[in-house]
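So the protein lines, in turn, are chains A and B.
Each residue of the first sequence is one higher than the one before, starting from 1 at the first, in the numbering used here.
Each residue of the second sequence is one higher than the one before, starting from 1001 at the first, in the numbering used here.
Please note: incorrect hints may appear among the correct ones.
Distance ranges between label pairs, derived from CB positions [unchecked claim]:
1) B/1215 - A/78: 36 to 42 Å
2) B/1111 - A/15: 36 to 42 Å
3) B/1086 - A/144: 55 to 61 Å
4) B/1238 - A/41: 29 to 35 Å
5) B/1226 - A/117: 51 to 57 Å
6) A/33 - B/1226: 51 to 57 Å
Source of the hints: derived by calculation from the structure; they are not laboratory data.
Note that the Cβ used here is the ideal one computed from N, Cα and C, for glycine as well.
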Amino acid sequence: MDISFEHVSYTYQPGSPFEYRALHDVSFSIPSGSFVAIIGHTGSGKSTLLQHLNGLLVPTSGTVTIGDYRLKADEKNKQLRKLREKVGVVFQYPEHQLFEETVAKDIAFGPENFGVDAKEIDKRTKEAIRATKLPEELLERSPFDLSGGQMRRVAISGVLAMNPEVLVLDEPTAGLDPSGQREIMDMFYDLHHEKQLTTVLVTHSMEDALAYADHIIILNEGEVYMEGPPLDIFQHQDKLEKVQLDVPEVIEFVTKAKHKLGIELDYTGQSVAELAKDLAQKVRGGRDHE
Amino acid sequence: MNSSMVIGQYVPGDSVVHRIDPRAKIAVIFFFVIIVFFANSVMSYGLLTLFAVASAASSKVPLPFIMKGLKPVWFLIIFTFLLHLFVTRQGEVLFSLFGWDIYEEGVIQGAVLSLRFFLLILVTSLLTLTTTPIEITDAIEELLGPLKKVRFPVHELALMMSISLRFIPTLMQETEKISKAQASRGVDFRTGSFKDRIQAIVPLLVPLFVSAFKRAEELAMAMEARGYQGGEGRTKLRELKLGKRDFILFAVFLLLVVGLFVTRN
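With these hints in hand, go ahead and build the complete structure from the sequences.
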């Protein structure tokens, strides 16, 4: 589903002494099927923006359009439930939302609320648990007996079982060990392609943004600060540093090789180690010619 | 998000009333609540009202906040007034309303009781409006101090109070977070039948309890790890000290008490 924000502003508790403007005149559009990373510091408005994607918040002014659904100030959208079925949100630390007696029941909770029939739920549950690489034996266990990592996967399965067309991920790997982080992100990436989802990833990690996203939106103090494809964004190191964001190590490596050694490395998603080999080869290659 | 979120009704400020020692405030309010019942003449009620209104004014708490605190009891005040107005049958008949006799004594009783109510609520809400919950807890711990002699766990009680106060905002945030997560999974907290709505609370309460227990366990462990062992020999970060303004308050209050008994019938 196409997503677009037009001059969206959001203010918390307007008119009270605690008034706080979280978003200011935010406009961008996300074409259907793209993988977008939203990056910004704490307090940049990421979470507020995210909650507009399934109508948890409605803009104070401006319009949010998600597929056929439109969210606008003072306009009651009666199809919120339908919108929420189409837009799956994986919140930060999603394992905190588990509550059922068994894993299977918890995964089924979302689809049940949206009125999916039992047979279909059963099928989706199995699919979801396979996607998150959990053993099927866990289905009858209590989610509270599982390890933290497994709980996270159960919670993610619960969102996947809703069969959403848009997947919104709020720091889905926070607090996981490095291998768990990669596994989860790779899983989302595979799903994104397999099911042609539109994925919105909210993250702190420039590395993840570079590795998975095809478009980056950088928020700063509630406004869109930069926007573009990752490789373009990371060309502007100065501008990024102004809002305390780092360029991924690999990109820094490529840029330094160019400026200090005069060697152009072609970045196509290699790791630093692989790039170092490329560099070594180029240096050696240069000598061979002499 | 709401880092400025306030627990209870506390309105930050720097007025005289804000700076009075919380123990002094609690003690004065405690005795004020008692002496309100001793007033029985127009003058004595006038004195009490003057004291209450003057305190409210010098607290510099904006009027809307004070009114908000009184809101839930307006109904009770008006109800008390009307009840006495219609039910009391003493004194002379003043006039008839829809065939119902209104007695002189009824008007007086109604007015007096409503005024009492109003004074009590005003003064006690002034305490919560100008004193942070933590200050109140500290003051209660100090005031209950003597009970330690009879092995009453004063420190533990105060600790429990301050821990609960500390975690109210945390739990509120947690509630908001979980209710949003469940709303995203299709739970509707707002519409539907009463039964549906009660059922919608389960997915909210279970995770909330789980996390509260987890938090409690973690807190207990952290306290033990830092060698916490109760109140014995423990010093305080915020030491309460009676100052000049507290003694002035006592003096004013004493004058009020004397004045009250002089003007009493």
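Hints, verified against the model:
no. : hint                       : verdict
1   : B/1215 - A/78: 36 to 42 Å  : holds (38 Å)
2   : B/1111 - A/15: 36 to 42 Å  : holds (37 Å)
3   : B/1086 - A/144: 55 to 61 Å : holds (58 Å)
4   : B/1238 - A/41: 29 to 35 Å  : holds (33 Å)
5   : B/1226 - A/117: 51 to 57 Å : holds (54 Å)
6   : A/33 - B/1226: 51 to 57 Å  : holds (53 Å)
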